[in-house]
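Could you put the whole structure together from the sequences, leaning on the hints where they help?
Read off the chains here:
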Amino acid sequence: MNQIPALIRVFAYLSLLTVGGGMAAFPELKTLTVEVHKWLTFPQLIHLYSVGQMAPGPNMMMIVAIGQWAAGGLLGALIVLIAFFGPTAVLAFIVARGWKKLEKWPWRTSIQEGLAPVSIGLLLAGCFTMAKGAITGVETAAIAVGVLLILLHYKINPALLVLGGAVIGVLSFMPK
Amino acid sequence: MSNAALNPAVESPPAAPPVAAQASIAQIFLEFLIIGATSFGGVVPYLRGSLVTKRGWINDKEFVEMLSISQSLPGLNATNMAILVGEKLRGAVGSIAAIIGICLPGAVLMYIVGIFYRIHGDHVWITAALKGVAAAAVGLILSTVVSMSKKSLSGKFDFVFIALTVIAVNRLHLGVPRTLIAVGLLAILFHRPRKQQKESGTQ
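Chains as they are written, first to last, in our numbering: chain A, 1 to 176; chain B, 1 to 203.
Treat the hints as calculated values from the structure; they're not laboratory data. Each statement offered as a hint is correct.
Using 30 Å as the maximum straight-line C-alpha spacing, the simulated DSS-like pairs for lysine-lysine come out as follows:
| no. | chain 1 | residue 1 | chain 2 | residue 2 |
| --- | --- | --- | --- | --- |
| 1 | B | LYS156 | A | LYS132 |
| 2 | A | LYS155 | B | LYS151 |
| 3 | A | LYS100 | B | LYS150 |
| 4 | A | LYS100 | B | LYS61 |
| 5 | B | LYS61 | A | LYS101 |
| 6 | A | LYS100 | B | LYS54 |
| 7 | B | LYS151 | A | LYS101 |
| 8 | B | LYS156 | A | LYS104 |
| 9 | A | LYS155 | B | LYS61 |
| 10 | A | LYS132 | B | LYS151 |
| 11 | B | LYS150 | B | LYS54 |
| 12 | B | LYS61 | A | LYS104 |
The structure is reproduced here in structure tokens:
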């Protein structure tokens, strides 16, 4: 079955929901890719997203893997990239042109101040959605809290901590 | 391809700082490619180091301004910044060069990871490692929530909007779009322009 049109629709739609970051779209990403289209399972989605945190560059590049699986190969991956980054890129480009003119517009500050808490809320909601699949017991909760506390108190590269999570994972979750 | 001075999108306004004009399309692509390949653990500090400190293509004030625009638009900060900076330096072609550059390394890497994961994803040691990785990623996102709350909230009441958003998505299952519109409008109205106009709107 040709998944290309569905991939374009889903990822162009998700694109517009990423206010404040990719995680804002995570609950919807889960619903559409896991439950509606069944391109992958929830654990697979969590795994890809988390591994993506160790990759350099924009942090939603894991969508490439979904496109590649769903449509089989490079075409799917490219389609997903264009669908996901195209709409917001065009929007950002238009705004880049017009924003200066809006400098005196009083609502500009209102929009920025108003969207700040909503985008934080969406990020948190995405985090909870992911936590339902990722935090499965005391050990995983301890890893998450540990990473949170370390990042709040020390200036350390988060990618290293995610890598550290892999090491702790191997040490603690390997079947004996 | 380099030195694309024939780009009609660049109107060279007289107010533009002279340094910005020196970036060629090839330089923009290369610089964003390097950022895309090296920015482990979050793109923003690397963007600043490269564009402001190393290249001097934009100054610090412009950087902060562009970042605040990037954050209030849909789209990832990293790719929105690429579009904004690319646009400023070389118009539409600059934007395209920048976003392809910043996305390419991570996309290639995740493509390979996707293939590898599909074949080997259910090996016991990989499953075990990924369980730890996913838990660590949750901690990382929570720390982003905390640092964003410290930086970009403009009052205690904003926590109400954060709570409303989380409840709407996770408890009421309204979906992200409806939540975004409903709570977003509410929050924007709450922060509506007041009579006494504060000069310099962005903090």
